[in-house]
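Chains as they are written, first to last, in the working numbering: chain A, 1 to 459; chain B, 1001 to 1459.
Where hints are given, some of them may not hold.
To be clear about the criterion: a stretch of chain B counts as covered by chain A if any three or more of its residues have a C-beta under 8 Å from a C-beta of chain A, and this derived list gives those stretches [what the hints assert, rightly or not]:
id : region
1  : 1091-1101
2  : 1284-1294
The list that follows gives simulated cross-link-like pairs (lysine-lysine, DSS-like), each with its CA atoms no further than 27 Å apart [said to hold, decoys possible]:
id : chain 1 : residue 1 : chain 2 : residue 2
3  : B       : K1356     : A       : K45
4  : B       : K1222     : A       : K356
5  : A       : K70       : A       : K273
6  : A       : K130      : B       : K1278
7  : A       : K356      : B       : K1356
8  : B       : K1426     : B       : K1222
It should be emphasised that the hints constitute simulated quantities derived from the structure, not laboratory data. Just so you know, even glycine gets a beta-carbon here, dropped at the ideal spot from N, CA and C.
These are the residues of each chain, in order.
Protein chains: 2
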Amino acid sequence: MDEQTLVFDEIFEFLENKNFPKLREILQEMNPADIALLFEELEEKAVPIVFRLLPKQLAADTFSYLESDKQVQLITSFSDVELREITDNMFIDDTVDIIEEMPANVVTRILKNTDSETRKIINELLKYPKDSAGSIMTTEFLYLDDDMTVKEAFQKIRQVGVTKETINTCFVTKSRRLLGQLSPLELLTNDEDTLVTEIMDANIIKVNTHEDQENVARMFDKYDIAALPVVDNEDRLVGIVTFDDAIEVLQEENTEDFEKMAAMMPIEDSYFKTSVFKHAKKRVLWLLILMISATFTGLLITKYEAAFAALPILISFIPMLMDTGGNCGSQTSTMIIRGFALGEISTRDFFRVMFKEFRISLIVSSILAIVNGIRIYLMYFNSESLAASGTSALMLAVVVSLSIMCAVIIAKFVGCILPMVAKMCKLDPAIMASPMITTVADAAIIFVYFNIAMKFFNI
Amino acid sequence: MDEQTLVFDEIFEFLENKNFPKLREILQEMNPADIALLFEELEEKAVPIVFRLLPKQLAADTFSYLESDKQVQLITSFSDVELREITDNMFIDDTVDIIEEMPANVVTRILKNTDSETRKIINELLKYPKDSAGSIMTTEFLYLDDDMTVKEAFQKIRQVGVTKETINTCFVTKSRRLLGQLSPLELLTNDEDTLVTEIMDANIIKVNTHEDQENVARMFDKYDIAALPVVDNEDRLVGIVTFDDAIEVLQEENTEDFEKMAAMMPIEDSYFKTSVFKHAKKRVLWLLILMISATFTGLLITKYEAAFAALPILISFIPMLMDTGGNCGSQTSTMIIRGFALGEISTRDFFRVMFKEFRISLIVSSILAIVNGIRIYLMYFNSESLAASGTSALMLAVVVSLSIMCAVIIAKFVGCILPMVAKMCKLDPAIMASPMITTVADAAIIFVYFNIAMKFFNI
Chain A
1 MDEQTLVFDE IFEFLENKNF PKLREILQEM NPADIALLFE ELEEKAVPIV
51 FRLLPKQLAA DTFSYLESDK QVQLITSFSD VELREITDNM FIDDTVDIIE
101 EMPANVVTRI LKNTDSETRK IINELLKYPK DSAGSIMTTE FLYLDDDMTV
151 KEAFQKIRQV GVTKETINTC FVTKSRRLLG QLSPLELLTN DEDTLVTEIM
201 DANIIKVNTH EDQENVARMF DKYDIAALPV VDNEDRLVGI VTFDDAIEVL
251 QEENTEDFEK MAAMMPIEDS YFKTSVFKHA KKRVLWLLIL MISATFTGLL
301 ITKYEAAFAA LPILISFIPM LMDTGGNCGS QTSTMIIRGF ALGEISTRDF
351 FRVMFKEFRI SLIVSSILAI VNGIRIYLMY FNSESLAASG TSALMLAVVV
401 SLSIMCAVII AKFVGCILPM VAKMCKLDPA IMASPMITTV ADAAIIFVYF
451 NIAMKFFNI
Chain B
1001 MDEQTLVFDE IFEFLENKNF PKLREILQEM NPADIALLFE ELEEKAVPIV
1051 FRLLPKQLAA DTFSYLESDK QVQLITSFSD VELREITDNM FIDDTVDIIE
1101 EMPANVVTRI LKNTDSETRK IINELLKYPK DSAGSIMTTE FLYLDDDMTV
1151 KEAFQKIRQV GVTKETINTC FVTKSRRLLG QLSPLELLTN DEDTLVTEIM
1201 DANIIKVNTH EDQENVARMF DKYDIAALPV VDNEDRLVGI VTFDDAIEVL
1251 QEENTEDFEK MAAMMPIEDS YFKTSVFKHA KKRVLWLLIL MISATFTGLL
1301 ITKYEAAFAA LPILISFIPM LMDTGGNCGS QTSTMIIRGF ALGEISTRDF
1351 FRVMFKEFRI SLIVSSILAI VNGIRIYLMY FNSESLAASG TSALMLAVVV
1401 SLSIMCAVII AKFVGCILPM VAKMCKLDPA IMASPMITTV ADAAIIFVYF
1451 NIAMKFFNI
């Protein structure tokens, strides 16, 4: 990080002194992802100036890493020739990603400045549902025919050329149907007359264009593959998803889960790019729902007015019982939601998980109850006000400890059932995370607590 | 999933009928990751039988995907010859991963059955700190000398061979120092007499062996690279980390964050592989700490006994205030913790984040306060008990709404400060997630609530 700050400072200095040759020299040595970071720090008017200093290919690579507001700014400042140079040098899937984020007038300009072949592909790709394999795949891949020899494969590769950083896998097809794949290294280490079908790996993993991107990303995690072929309904190879897109999807999906589990609706842009108003909008809905639900717990408490009028100290244990319940519930739901996301748990495991969580809650609740019981006894064993209300510290310790045991078991039970049921109803289990569970468990915990207290203290 | 269940059922049937030729045929068509899943479902005694049906390379690949208990079981049943066949056919980094998880006697057997060259490399790799780039890198990569031509590069590749699925990047070195990299496709599309240094990409991203694996994984996310060269302190190329290891690390780190944010200590094994006792152990410590902290909130409530004796309905709003505060705090802390993890937020942004969260909390709290105020007014506007205590529904609505505004602002403030401060103290901000924040915010919320109430109702 610090090294990068130094480089950035140097760049700012050259920019101020208008030392463009030196600036271009530094930029050429940089990685497009880092240059994109630099653009986030530049003043608005410097953005097109610095961008024009980049060599063509680096400019196109950098462009695809930029945030969408910077992209719009640049496209607006581009001449048609410049725009065409950028789109010609970008991966088609990156172009499609950019188009999906742009306002309509910018999209029209981009499409106007691509050749008809590319435009056709872009329009095809735009048709796939958002978050499907088709929408994240690229159509730029190397394929060989099934009757080719290694020598012919070499010729084809030389002829097609590696214009962009084509992924290093060759796909073998027969009338566009995928037969197998092989790496260029395997071509190099085999005899020139060998048929590609003899050395290819026929055991291939592929997905349909309509497969959900989350499942696609998980296949990369599971199978350790660099590129995943995408086929249409007729089993014809139409594109590939590469590992870098898979990493991006995994990170996006993880962020979405984090947000849902903290009672927020997913936000697509980064923290600072999202406006205060949008942040508020994404957060307030769940807060309203949970606030209204929590009033039921409150109303329930008023039903036990007699109990806490007789023994006001009972109220002081409410936060502890509610918080402990909430924490236990969120532990369980997190384990289960994450288990689903990683494919470690499936809905068939319902009873297995329930039983496991029940045993865990027995151990955990016993420890909490014992520690808490001792704490209460030590704090109140010579309390006069307690004696005045006709009860003892021991009695209080027993009541609260019993309640905490019930609270833990209830919370783990709720934390287990809600995400499981959500998954069974084909909902995202992440929305059933801690806040939801806390609200549901709270009411049950208050109910059990006051009933135990009233029984023991004869209220 | 369902398709896989069908295949598994077929396998179980062949296994029962001892139809091994048919079984071998199915297995050969399967992917090692899927076969590893199959082993999880097999009876213990069937594991070595099915494993021995696999062709050598597939057996080795499958072995590296297995859970460690299955690996121990198999190693125990292997003859020395079989063990050697497996380790010879595995990637060295996978072997190291396995060794790190094995009991000492099994490690000795594995090391005894590798050739001295491999053993030396394994011992080197085992020396790197856990979670460092050195510990996850592989030493199997293709390197070319800086004075080679394309033709000589071809010769070297043919001579070395692609024994295992070597990553498709060739590294150009000069006396072991990394100069650049190029893909085999670039070799194929260039003239035989071209020097590799002319066509290589000299702008390379690399890491030191001691770099933390989380940073390593993030570089894959940032730079879209398939392999990251790892160099020692003398800048010599000693290994590479490949994208599949990076994906694994990213998923591990995400899981760890989820666990920490739900007040659990990280668990390394999967949900079902972890015993009930271990689950309980990982969960109980934070619960104890948070339980004890929550008692302070409880003690604080008892200080306001006069207030709720005069107006018992005040108690019914405690759960709502506490829950809303907790939810708001966890929203903010989640955004910030995730922002740190994705590199979107740094500690330098402290005041920027604070100001942004403050503005968000103003909008959110106003909406919640208004909705809640209306709700209370409508519910209590002709409440006799309220009139009897000498107050009005309007007054109650104002008090609770004001308190909820304060609760939201306090919680967002705490949810913002705690992870930021943790990060500044070089602690993992994830441990400062919702449960911790709820506990801290709760006490402040109760204090503010009762003070507002006592002021307005003159208690």
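Subject >> Hints violated by the structure (listed by number, smallest first) >> reply: Numbers 1, 4, 6, 7 - these are the hints that the structure violates, sorted from lowest upward.
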